[in-house]
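Residue numbers (my numbering), protein chains in the order written: chain A, 651 to 994; chain B, 651 to 994; chain C, 651 to 994.
Because the hints were derived from the structure by calculation, they are not lab data.
Any given hint could be a false lead.
Pairs count within a copy or across copies, as identical chains cannot be separated in the list.
With a straight-line Cα cutoff of 27 Å, these simulated DSSO-like cross-link-like pairs (lysine-lysine) come out [as the list claims (entries may be wrong)]:
1) LYS944 / LYS770
2) LYS653 / LYS764
3) LYS815 / LYS653
4) LYS977 / LYS770
5) LYS799 / LYS743
6) LYS879 / LYS963
7) LYS664 / LYS977
8) LYS653 / LYS963
9) LYS972 / LYS653
10) LYS653 / LYS944
11) LYS664 / LYS963
Read off the chains here:
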Amino acid sequence: MAKTNPGRFFEDYKIGDVIAHAVPRTVGEGERALYHALYPARHALYSSDEFARDSGLPESPLDDLAAFHVVFGKTVPDVSLNAVANLGYAEGKWLKPVFAGDTLRSTSEVIGLKENSNGKSGVVYVRTRGWNQLDEVVLDYVRWVMVRKNDLGAPAPETVIPDLKKVIPAGELVIPEGLDFSNYDFVQAGEPHRWGDYEVGEIIDHVDGVTIEEAEHMIATRLWQNTAKVHFDATFRPDGQRLIYGGHVISMARALSFNGLANAQMIVGLNGGAHANPCFSGLTVKAWSEVLDKAETTAPGVGAIRLRLVAVKAGAEPGQLKGEDGKYLPDVLLDLDYWALMPM
Amino acid sequence: MAKTNPGRFFEDYKIGDVIAHAVPRTVGEGERALYHALYPARHALYSSDEFARDSGLPESPLDDLAAFHVVFGKTVPDVSLNAVANLGYAEGKWLKPVFAGDTLRSTSEVIGLKENSNGKSGVVYVRTRGWNQLDEVVLDYVRWVMVRKNDLGAPAPETVIPDLKKVIPAGELVIPEGLDFSNYDFVQAGEPHRWGDYEVGEIIDHVDGVTIEEAEHMIATRLWQNTAKVHFDATFRPDGQRLIYGGHVISMARALSFNGLANAQMIVGLNGGAHANPCFSGLTVKAWSEVLDKAETTAPGVGAIRLRLVAVKAGAEPGQLKGEDGKYLPDVLLDLDYWALMPM
Amino acid sequence: MAKTNPGRFFEDYKIGDVIAHAVPRTVGEGERALYHALYPARHALYSSDEFARDSGLPESPLDDLAAFHVVFGKTVPDVSLNAVANLGYAEGKWLKPVFAGDTLRSTSEVIGLKENSNGKSGVVYVRTRGWNQLDEVVLDYVRWVMVRKNDLGAPAPETVIPDLKKVIPAGELVIPEGLDFSNYDFVQAGEPHRWGDYEVGEIIDHVDGVTIEEAEHMIATRLWQNTAKVHFDATFRPDGQRLIYGGHVISMARALSFNGLANAQMIVGLNGGAHANPCFSGLTVKAWSEVLDKAETTAPGVGAIRLRLVAVKAGAEPGQLKGEDGKYLPDVLLDLDYWALMPM
């Protein structure tokens, strides 16, 4: 009996299946420091326990995207080992902050299947949940990937395409228990701009750039126990390049967005996202954001802001996303749509 | 008086000498996170405090190889600064798990000496012990190295070659106090294969590969306070290459072996090991294992499995170790013989 | 309204202004481990909690230079974003050790201004203070930088040049509360040389070298939340090189100085420093020290030693600092003058 994991193929997924992903992970101060070492992360609520306490939390949580990466990483051996492409995200909600000492595990429920007309692959939709050691869901999101068939003769399953919200309504966002921005310290946070200072349609060029190194993206991706060969093995692709984990680009762009969005403190919703073009080492990543929407919340002093976060190669024009053909421009790496919380 | 450490030469070692190595080291959550960032480590007992507790331990210990590297690193300034070659390991036993907050120090006892017939160097055998802050031995192993003479006129010492076991008998392995695999969660651990599923002689190709980066091996080797110039200084070797610490290859191969040996959780014995060929950055490391032996233990649900772990360059054929001349094939980097604990 | 930080220009500084720098930072075990991973740091007091306790401290503090880097990093967006050059340091005092769990923030008071005769830039002197969560000053130093003017028509301010001590008198050094070296363990510390063994004028070649990697200096510089573009963005300089943060060279040289100065445990004073030549990845850094002065202290068994720490490119002659023209030799990277504490 072969002992190694061949991954799942399209025909191995059934609607309603719940996959318990392996290798729970305890996170702590080490992950926190590494996140700050790998990304230019400066949002004060994650940098300072004191700032977090002044905001009504017991201490700084693990960065929301680090929590996402840990939960996501566990799904790779079961969901994306034979994936051809990562097609999209939807309905991502952060439900509980993750604190040092928490142990995370993940499950994925198969909620959609559609075989491609070529009969060689299909699209699998899963709802992934991240759980802590108290069996509370800390994160919940839908992702769909194109997966190869192994047995081309396997019959096509009944097509099921889940009905996914294009945008999470602001009223469904979960505000972390106790969060209170009424005594928010804008000086310590780094910028004076509050929720009311941002206008829908506004474009913010985050100015700074970071050149990507092989060692850094591998250290990050390994830290999340993401095992996809293409990120680590230079002999895997014919061109000898290691494809950079899309989540590395997400975290880099989000950290760069501090410059202009220092007060967009916590990420609570992921409406959608596309890895528009692949990223390789040597590229310099920059970022710009667009304000897509704003909403009030019931938490004291806390507003919600919906942002488009775009990662681009250095040299790209901020605000330029797609060409006349409706396709992403070649310099665009990432187009992410998320909800963050900001002082009002 | 020169203030810097010239290292010891062959004539400086006397049978029975015990060298107290410098710079004790407290390990913690940072080392744990870095180990997971530098190696694709996924064994559940080290990844999750909850899994460790369900296995009868108070929390996840520091990875057994990280403990080895810390203990080994301290010996470098006293044992291998003038070493020509690291010749072998034997009788390595992990006696106590190392937990966050523990402070490690090392001692080495000279147990063997043999001058080479050329009169220019000799082989030194040391038994190294790693101690925690309670003066308990956590790790104990024998290592022998070829060391240069400084004073070629120094008389050859009486030859003493220690009587070393080729393999640690299973009955002498020390099982961590409280370890209990009777309620082992194979789903969380990542693979269904238990002790009974492995057969002596079985070869497992671990499939995955990692391309080695200068920054990563230096970060790892520095973390263990290993000071050998050859790993860090590109001007040291005539070819301008930095030789990669053999322990980096050991940890890389062991982490890769998760895929097929996810349940070989704890390392308790090191029977022997050879760094068959040097490793440099840019190489892609893969690994395969051979089951060498199996034994029962007295701990509930815990079996012992003796494994050969082989690190190779990408492209090598799994299972191929030596040529017709009895020498290691050029693609073989590491041949390690160890005992691990596995659920029965 | 532009949301991103343009940085301050020369005309924006007024004598007496106190700038509260943004983004407080909680430090912990992760930063400690990363410091040991990024630099060959081996001073026992920072490596072992047990050694620190035997020296009268509650546990190992964060490395003094790590504390410096965190405090310094916060000043970059407000002080050096438009700086042309970092000109000097003076009167640096470490006033309180920083322990895991402490949260640091920084303030800078403008204490000197001098417009250059070209009318295009000027020199700004600031006294920067690092504070912990108890509002205690942990570090205090003066730094001066040359900053561009934005509005060339802005009138020149009155010239104020602060009266700075060339050397902090030994009697003004602050010894950490409780520090006691009377039972100092020289074997564990790594070298037998005590305060009395060093002579003023003595030169120590630290022998070891480290080749600089892009990933490593970026990880380090990011960890201190230093945002200067020139360290991270390969498209920023016309030559495509990333300039290495001067503090990376300081920490590298200081760690290398262990070999010969293992007992120069704690840094308590920074008399001055110059980044003599820029450092780029691929260079191999070595270091040498000169004993500049010695003084007794009131703490039991604790002496103070004033050292010149020089970082050089591999191949440079130890002890050679400046040419006949009085300028730093091209192989010199750093010339640092500091006070450390050593067992008597």
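Hint check:
1. LYS944 / LYS770: neither (43 Å within a copy, 43 Å between copies)
2. LYS653 / LYS764: Classified as neither: same-chain Cα gap 30 Å, cross-chain 44 Å, threshold 27 Å.
3. LYS815 / LYS653: Classified as neither: same-chain Cα gap 40 Å, cross-chain 31 Å, threshold 27 Å.
4. LYS977 / LYS770: within (25 Å within a copy, 46 Å between copies)
5. LYS799 / LYS743: Intra 31 Å, inter 46 Å, cutoff 27 Å: neither.
6. LYS879 / LYS963: both (24 Å within a copy, 15 Å between copies)
7. LYS664 / LYS977: neither (32 Å within a copy, 51 Å between copies)
8. LYS653 / LYS963: Only across copies: LYS653 and LYS963 sit 21 Å apart there, 41 Å inside one copy, limit 27 Å.
9. LYS972 / LYS653: This pair counts as between: shortest inter-copy Cα distance 24 Å, intra-copy 45 Å.
10. LYS653 / LYS944: between (51 Å within a copy, 17 Å between copies)
11. LYS664 / LYS963: neither (39 Å within a copy, 38 Å between copies)
Going through the hint list in order, the structure does not satisfy hints 1, 2, 3, 5, 7 and 11.
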